[in-house]
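Protein chains: 2
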Amino acid sequence: MALSGDRFRVSYTVTAKQEGEALEKAEALCLEQTVEFPRDLLPPGEIAGSIVGRVETFDHLSDSRFHVAVSYAVETTGFELTQLLNVVFGNSSIKPGIRVEFLSLPDSLLGTFKGPRFGRAGLRARVHADRRALLCTALKPMGLSSQDLADQAYRCALGGMDVIKDDHGLANQPFAPFRERVRLCAEAVERANRVAGTHCIYVPNVTGPASEVMDMARFAKRAGAGGLVISPGLAGFSLMQQLADDDSLDLPILAHPAFLGSFVTSPENGISHYALFGQINRLAGADATIYPNFGGRFSFSRDECSSIAAGAAASMGHVKPIFPAPGGGMSFARVPELLEVYGNEVIFLIGAGLHRHGPDLTKNSSYFRQMVEQIIVPTSVR
Amino acid sequence: MALSGDRFRVSYTVTAKQEGEALEKAEALCLEQTVEFPRDLLPPGEIAGSIVGRVETFDHLSDSRFHVAVSYAVETTGFELTQLLNVVFGNSSIKPGIRVEFLSLPDSLLGTFKGPRFGRAGLRARVHADRRALLCTALKPMGLSSQDLADQAYRCALGGMDVIKDDHGLANQPFAPFRERVRLCAEAVERANRVAGTHCIYVPNVTGPASEVMDMARFAKRAGAGGLVISPGLAGFSLMQQLADDDSLDLPILAHPAFLGSFVTSPENGISHYALFGQINRLAGADATIYPNFGGRFSFSRDECSSIAAGAAASMGHVKPIFPAPGGGMSFARVPELLEVYGNEVIFLIGAGLHRHGPDLTKNSSYFRQMVEQIIVPTSVR
Numbered sequence: 001m002a003l004s005g006d007r008f009r010v011s012y013t014v015t016a017k018q019e020g021e022a023l024e025k026a027e028a029l030c031l032e033q034t035v036e037f038p039r040d041l042l043p044p045g046e047i048a049g050s051i052v053g054r055v056e057t058f059d060h061l062s063d064s065r066f067h068v069a070v071s072y073a074v075e076t077t078g079f080e081l082t083q084l085l086n087v088v089f090g091n092s093s094i095k096p097g098i099r100v101e102f103l104s105l106p107d108s109l110l111g112t113f114k115g116p117r118f119g120r121a122g123l124r125a126r127v128h129a130d131r132r133a134l135l136c137t138a139l140k141p142m143g144l145s146s147q148d149l150a151d152q153a154y155r156c157a158l159g160g161m162d163v164i165k166d167d168h169g170l171a172n173q174p175f176a177p178f179r180e181r182v183r184l185c186a187e188a189v190e191r192a193n194r195v196a197g198t199h200c201i202y203v204p205n206v207t208g209p210a211s212e213v214m215d216m217a218r219f220a221k222r223a224g225a226g227g228l229v230i231s232p233g234l235a236g237f238s239l240m241q242q243l244a245d246d247d248s249l250d251l252p253i254l255a256h257p258a259f260l261g262s263f264v265t266s267p268e269n270g271i272s273h274y275a276l277f278g279q280i281n282r283l284a285g286a287d288a289t290i291y292p293n294f295g296g297r298f299s300f301s302r303d304e305c306s307s308i309a310a311g312a313a314a315s316m317g318h319v320k321p322i323f324p325a326p327g328g329g330m331s332f333a334r335v336p337e338l339l340e341v342y343g344n345e346v347i348f349l350i351g352a353g354l355h356r357h358g359p360d361l362t363k364n365s366s367y368f369r370q371m372v373e374q375i376i377v378p379t380s381v382r
Numbered sequence: 001m002a003l004s005g006d007r008f009r010v011s012y013t014v015t016a017k018q019e020g021e022a023l024e025k026a027e028a029l030c031l032e033q034t035v036e037f038p039r040d041l042l043p044p045g046e047i048a049g050s051i052v053g054r055v056e057t058f059d060h061l062s063d064s065r066f067h068v069a070v071s072y073a074v075e076t077t078g079f080e081l082t083q084l085l086n087v088v089f090g091n092s093s094i095k096p097g098i099r100v101e102f103l104s105l106p107d108s109l110l111g112t113f114k115g116p117r118f119g120r121a122g123l124r125a126r127v128h129a130d131r132r133a134l135l136c137t138a139l140k141p142m143g144l145s146s147q148d149l150a151d152q153a154y155r156c157a158l159g160g161m162d163v164i165k166d167d168h169g170l171a172n173q174p175f176a177p178f179r180e181r182v183r184l185c186a187e188a189v190e191r192a193n194r195v196a197g198t199h200c201i202y203v204p205n206v207t208g209p210a211s212e213v214m215d216m217a218r219f220a221k222r223a224g225a226g227g228l229v230i231s232p233g234l235a236g237f238s239l240m241q242q243l244a245d246d247d248s249l250d251l252p253i254l255a256h257p258a259f260l261g262s263f264v265t266s267p268e269n270g271i272s273h274y275a276l277f278g279q280i281n282r283l284a285g286a287d288a289t290i291y292p293n294f295g296g297r298f299s300f301s302r303d304e305c306s307s308i309a310a311g312a313a314a315s316m317g318h319v320k321p322i323f324p325a326p327g328g329g330m331s332f333a334r335v336p337e338l339l340e341v342y343g344n345e346v347i348f349l350i351g352a353g354l355h356r357h358g359p360d361l362t363k364n365s366s367y368f369r370q371m372v373e374q375i376i377v378p379t380s381v382r
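Each protein sequence line maps, in turn, to chains A and B. With the first letter of the first sequence counted as 1, position 106 gets the number 106 in our numbering; the numbers rise by one all the way through. With the first letter of the second sequence counted as 1, position 325 gets the number 325 in our numbering; the numbers rise by one all the way through.
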């Protein structure tokens, strides 16, 4: 075996009563995430020297919190996403007091990821929106017929929505079967685009059985869908990557956070908002990362949301920056603080708020569309 | 739309300061997991009446803990695993103070799942072990060559291991590429079986890129593998199900807990050990559920381990009971308490302990094999 010497780095927050315990946890991380073997039993040579993780920095942050940067040989990942995630946090997810803060990947590892096919610029081009924030809504509630959902899609597209996605709970239920719904909704959005001269995309939810997702996506493409939404927490990050990487699909991908919440509910465990919703979603090919906005019915803080936006844009070699897509909490009154956090580089996701605004969805959509057109932040401010 | 009226039930623990807050959280669950829409804006009729979740029981458990059972129309799941998990815990995973305790599924929903192909009885038949506990080890450490791993497999099989699996960190790394490793290890175990007249199975790790997992599994089958190990937290539960359901593979599936730890690190959030490692793994086709044993280097308690064993066996229609496969902490001294928790219906997973026991892996394996042969619990005791 000859290792390249290239290593990637994972920054962890380790919670421990005192430094000795934190050092033990750091040492355990190095072993657990790689060899899963006691150090004294390891054969001498490259395994002990390079395959095992290496503590690169160790700092006492405050009270019981320590920052530990561990580096791993790039070869441990087999140069693919699933095993990369396994090295980052596979077994250590089961140990309390360990949280992944961020990843630093060298080009030799980044080079194996295509990343988002569209990114911000590509998605802007698709919906013909140069500078302003983008506007997205979700078709709902579950239980409506395919025809009712298509009518809803039509009315929203007509009002100026950029992106109309299936609510993430729309799957292949008898009341609106996947293929019927996708066909009708794609057709409705296309019709609205023709009428209004707009460039709205319909984005169906392809989260489903692993054996069917690619076929669902191909059907959606043929039916005229302009993107795909998938929940990587349910379907796996690698399946999202497969969708993004597929040249024949060539569709933007929206990542939905369903079933991922447990990674971010504790400050001591799991994965940071920045790494999970930002970096990992990008590596896995998402062009936009959906999450609950601060001030809505979920509990993400303003700082956490801001960190997702940062992770969606931070420098990562050739991996394109993507859109943060915060859901909920959008109103004129909140424009100033939303500007401060997101600037123009955001997709605002308006769900129930759109229906709450009044009975006419077209009017409501154009109200919100005017709002995002008015809030273009001058480049000098940002 | 005409719903069948059949509903499934999810039991949640809700953490709240007082009853009013708990009731609000229960109401939010009913909406969030289905329509994601405010109740007052729902169209009248079946959506508000039946699609929305329904609080069936509400009990104050202690201090800030409440038990809430919510029922959902079976149709909301689209009768497939991914969307079932989404209804159970998709968006609510993102809300603090909500934990899934257990699922109660009616036959109309269970009927859509094949469940484990082998289960306990089938796996016992494969390795020719009628009553005693089964014994499993993992090939490690990562970094060894395929030939070294195969030699290790040979020595362990010769000593009487029932199951020899890849360590879950063995993927498709340059030091032991998947196909080379699988070919050599399967051949080594087959050779040991011929020499010793035993029935050990080699179980390679097929956790990998979504686009390759089925091919990896087919290759493994052709090479003589006797089972597959996969980490559903990394690969997705649905992909594990696809492996289990594939008639041409016809191989037992071991589920590894990597990347799933964040679901169980908090008593207030996530999914119970019982539901996640027991019920959900079974629905997704695992024949054995691997987890860290109590008293080892991880932090699961005896009660939590015991609940996994219970979830692996509890009545679930036609869905077969599966083996709990606790890893680590096995020694003669611990036999009495291990018996108490698991009886004979267990796969003991010995990793580093096997290497720690002495330099001769064949001797060590036969030492542990004798141990599990000696600890058969009389049926009357159990």
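Mixed in with the good hints there might be a few duds.
Now the stretches of chain B that chain A is said to cover, found in silico as 3 or more residues with beta-carbon under 8 Å [what the hints assert, rightly or not]:
hint: 1; region: 58–70
hint: 2; region: 120–132
hint: 3; region: 204–217
hint: 4; region: 255–265
hint: 5; region: 357–368
Residues of chain A placed beyond 10 Å of chain B at every Cβ, according to the derived structure [stated by the list, open to error]:
hint: 6; residue: 64
hint: 7; residue: 80
hint: 8; residue: 114
hint: 9; residue: 124
Using C-beta positions, here's what the derived DEER-type ranges look like [as the list claims (entries may be wrong)]:
hint: 10; chain 1: B; residue 1: 128; chain 2: A; residue 2: 145; range: 54 to 60 Å
hint: 11; chain 1: A; residue 1: 145; chain 2: B; residue 2: 337; range: 33 to 39 Å
hint: 12; chain 1: A; residue 1: 367; chain 2: B; residue 2: 299; range: 48 to 54 Å
hint: 13; chain 1: A; residue 1: 335; chain 2: B; residue 2: 18; range: 33 to 39 Å
hint: 14; chain 1: A; residue 1: 303; chain 2: B; residue 2: 18; range: 43 to 49 Å
hint: 15; chain 1: A; residue 1: 199; chain 2: B; residue 2: 27; range: 36 to 42 Å
hint: 16; chain 1: B; residue 1: 67; chain 2: A; residue 2: 122; range: 28 to 34 Å
The set of hints was computed from the structure by calculation and includes no laboratory data. Positions of the beta carbon are idealized from the N, C-alpha and C atoms, including for glycine.
Each hint, compared with the structure:
1. Taking a C-beta to C-beta cut-off of 8 Å, the region 58–70 of chain B contributes 0 residues in contact with chain A, too few for the three needed, and the coverage statement is violated.
2. Against chain A, the region 120–132 of chain B contributes 0 residues with a C-beta closer than 8 Å to a partner C-beta. That does not satisfy the three-residue criterion, and the hint is violated.
3. A count of 5 residues in the region 204–217 of chain B with a Cβ less than 8 Å from any Cβ of chain A is obtained; the coverage claim is therefore met, three being the minimum.
4. Chain A is given as covering the region 255–265 of chain B, and this holds because 9 residues of the stretch bring a CB closer than 8 Å to a CB of that chain, at least three being needed.
5. By the rule of at least three residues with a Cβ nearer than 8 Å to a Cβ of chain A, the coverage given for the region 357–368 of chain B is violated, with 0 such residues.
6. The beta carbon of residue 64 of chain A is kept farther than 10 Å from every beta carbon of chain B, the shortest such distance being approximately 16 Å.
7. Against chain B, the non-interface label of residue 80 of chain A is violated: not every CB pair exceeds 10 Å, the least being about 5 Å.
8. Residue 114 of chain A, annotated as away from the interface, keeps every beta carbon of chain B farther than 10 Å; the closest lies near 12 Å.
9. Once the 10 Å rule is applied to beta carbons, residue 124 of chain A is consistent with being away from chain B; the minimum gap is 27 Å.
10. Separated by about 55 Å at the C-beta atoms, residue 128 of chain B and residue 145 of chain A satisfy the suggested range of 54 to 60 Å.
11. A hinted range of 33 to 39 Å is violated for the C-beta pair residue 145 of chain A and residue 337 of chain B, which are about 57 Å apart.
12. Checking the proposed 48 to 54 Å range against residue 367 of chain A and residue 299 of chain B shows it holds: the Cβ atoms sit about 52 Å from each other.
13. At roughly 35 Å, the beta carbons of residue 335 of chain A and residue 18 of chain B sit within the given window of 33 to 39 Å.
14. Evaluation of the 43 to 49 Å hint for residue 303 of chain A and residue 18 of chain B yields a failure: the beta carbon distance comes to about 28 Å.
15. Checked against the hint of 36 to 42 Å, the pair residue 199 of chain A and residue 27 of chain B passes, with Cβ atoms roughly 39 Å apart.
16. Roughly 48 Å separates the CB atoms of residue 67 of chain B and residue 122 of chain A, a value that falls outside the hinted 28 to 34 Å.
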